[in-house]
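As you go down the protein sequences, you meet chains W and S in turn. Heads up: the first sequence begins at 0 in numbering that gives the first Met the number 0, then just goes up one per residue. Heads up: the second sequence begins at 0 in numbering that gives the first Met the number 0, then just goes up one per residue.
Treat the hints loosely; a few may be bogus.
[Stated by the list, open to error] Simulated crosslink set (EDC-like; lysine to aspartate or glutamate; CA at most 16 angstroms straight-line):
| hint | chain 1 | residue 1 | chain 2 | residue 2 |
| --- | --- | --- | --- | --- |
| 1 | S | Lys198 | W | Glu133 |
| 2 | W | Lys198 | W | Asp217 |
| 3 | W | Lys198 | W | Glu133 |
| 4 | W | Lys198 | S | Glu225 |
| 5 | W | Lys198 | W | Glu16 |
| 6 | W | Lys198 | W | Glu225 |
[As the list claims (entries may be wrong)] Simulated coverage check for chain W against chain S, where a stretch passes if three residues somewhere in it have a Cβ under 8 angstroms from a Cβ of chain S:
| hint | region |
| --- | --- |
| 7 | 282 to 295 |
| 8 | 394 to 402 |
Source of the hints: derived by calculation from the structure; they are not laboratory data. Remember, predicted model here, so these are calculated numbers, not experimental data. Beta carbons are placed, not taken as given, at the ideal position from N, Cα and C, and that holds for glycine.
Number of protein chains: 2
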Amino acid sequence: MTDTAVTETAVPSLSIEAKFEAARLAARTLATVTTDRKNAALDAIAAAVVAAADRILSANEVDLANGHENGLSTGLTDRLRLDDGRLAALSAAVGEVAALTDPVGQVVRGSSLPNGVGLTQVRVPFGVIGAIYEARPNVTVDISALALKSGNAVLLRGGSAAENTNRVLVEVIQEALASVGLPIEAVQTVDEFVRDGAKRLMRARGYVDVLIPRGSADLINTVVAESTVPVIETGAGVVHVFLDESADEEMAVEIVHNAKVQRPSVCNALETLLVHAASADRLLPPVLARLRQAGVTIHADEATRARFADVVDATEADWATEYMSLDIAVRVVDDLDAAIAHIARYSTHHTESIITSDLVSAERFLAQVDSAVVMVNASTRFTDGGEFGFGAEVGISTQKLHARGPMGLGELTSTKWIVRGAGQVRG
Amino acid sequence: MTDTAVTETAVPSLSIEAKFEAARLAARTLATVTTDRKNAALDAIAAAVVAAADRILSANEVDLANGHENGLSTGLTDRLRLDDGRLAALSAAVGEVAALTDPVGQVVRGSSLPNGVGLTQVRVPFGVIGAIYEARPNVTVDISALALKSGNAVLLRGGSAAENTNRVLVEVIQEALASVGLPIEAVQTVDEFVRDGAKRLMRARGYVDVLIPRGSADLINTVVAESTVPVIETGAGVVHVFLDESADEEMAVEIVHNAKVQRPSVCNALETLLVHAASADRLLPPVLARLRQAGVTIHADEATRARFADVVDATEADWATEYMSLDIAVRVVDDLDAAIAHIARYSTHHTESIITSDLVSAERFLAQVDSAVVMVNASTRFTDGGEFGFGAEVGISTQKLHARGPMGLGELTSTKWIVRGAGQVRG
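Work the whole structure out from these sequences, hints included.
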């Protein structure tokens, strides 16, 4: 694969309408290709991402230089940066998607009507998936692989900070698609239309079947507010652990430590610890000591402050904050009901866990807390597509429509009813 | 139940925010009440709708008189009108919802992780369902019953034409809820806020979990365009039947007649008939003769007009029209591919059926037509929750997210992951 090949296979300069229409046509082809063909495409992409490393990294350097000039934050710069190691990891991730079970054609349910008409509900691709994200070129490859495996075409809007990297990545993916005889328009970027690209994606009813925003709360809120296309919201996690009166001390210490410290920058990390008043004296000392050893800053309510020095005052804002850092908010609550009420008020309904030895408390917490994932005696870090055995993760949905919690390939499909008759009419 | 009781139990004049908050609290209660309690409420509603007939019909007369004054169309007036027979039918429908299986708590899937953590995905209510509809008081009772059975609270915006009827129906439902000790705020109307009620429902993120518009294409398009709350779209049906080259003549005649004539005003009725060119001479004469006997007006393309006199010229607009009347568009197409292409262009993706004796044609049609329901050798009139065995029908979804095709009680639920550990943390 040479630079000349790029120029030949890359999509020429098209209007956005032409790209939308091309995506729809490509989706129609993808909907009925075999799993073998889709896996061949994924294997070709996995190979191409490594084979074209020089081209990808050159483009990435341009984006990094532009970012430096425009004062891009250290965090975003880190997300933007690719290197040989990251490309190898991306390539491996695509290979893993190829190894997953194809959701298309799976039978969800079926029955025979009394008149002999046969009814089957099967999984089918959505058609065209739109993705709007920011400065994360790995998403370009990830979401393309997941969409292709589930038989969908994608229209990508990856943001100006990664524009050059994404353009080359899409070229590389399109070359791989062409090499196995699949339509290159199955994966397209609309980055060249800048802000208008995102706006048009959000209004592309009839072309885009579902839109997935990935990124900051601001980005997600904008998409939800402005989109007329159905959206799957992958949201923030103000995640809670509640230490019940009967919580085992060692379990409390280990789970709180793991949930907060193992990877604080992700959405399933613990943000607010609630402690039953009757167990505060027993549990807070060992739990907070372990957190402090790990360098965690404790933002505490009055009852906690009365027991410990060297803690920061928690304000009202702390209860609603997703720190994504080595910070934790701590509050002593009167009882289980108060814990459930606190969670109902401040949670983003991602994941909450109760640590308890009491069966009644456990069942009440599981039934009454209205979050995507509710746990008893387990670390909130388990809310993850990989951990749940989905193989790959599209994101974690915090909405209630269509998908809730970790989304796998199945969540990138819709369904279709297939009705087989022998001439039956309705009486 | 007396008029005095009404004044006591009816919701006092509240702000719309207070109603939203009350709905959310009621939803929290409903989410965990037993099926027995919900069924008791439904039985009480079924009895109350008949017992309070005088009050309901008085209010309905006021709406009918206002409608007459405002020049309400005959069709809308008919939808608005209640009488003892219709109330009895409404009451019976509520009783049927009580008899359905409760979807809440149903286990969708589950597994054990390698570390022993147990994972279960269960159905839970959405929380608060918003409904926006027009001049159909039966929807007030129907959707309330379906929402309650699936553990949801509802906020209803039924439109000014039925305002008095709906207010009394909601009062009657609330009295029934109170009589079994359930929160009356589980069913509320926001009709008194007039247009602002609909607007606020569409923007009630955090209060309303899903919004269901029922009514005209205009109404549905407005809700889809303006809502920031997730919407389930129940759409129009430009429904197709394709007579393949090998279609059996008697089957073609009977299915086309049934699909078009049995109940032309509903969304699963046939609108466009496509005929394979090689079978046009064989099939069109008996099929069209039978339709004409039934008084159907035929809007035909050139190829059909060349074969028959006394047909209306079909224009481009006819292919995209949902007549909902004894009219049909007829087009001769070159082959199966042309039929699939026509459907891809003009269908609203509701229901399409192929009449064929050829296995390859049948399978290609089922695989390549991208509609909620695809059929072979069956009448499109089978696309119906009742026919599918769902017992009740919330509507027929023409979107791909969350629900597609006839929606039953299960489609009024979300899911929740329940994770049971014994102290496990992530490695």
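- prompt: Hint by hint, which ones does the structure fall short of?
  reply: 1 and 7
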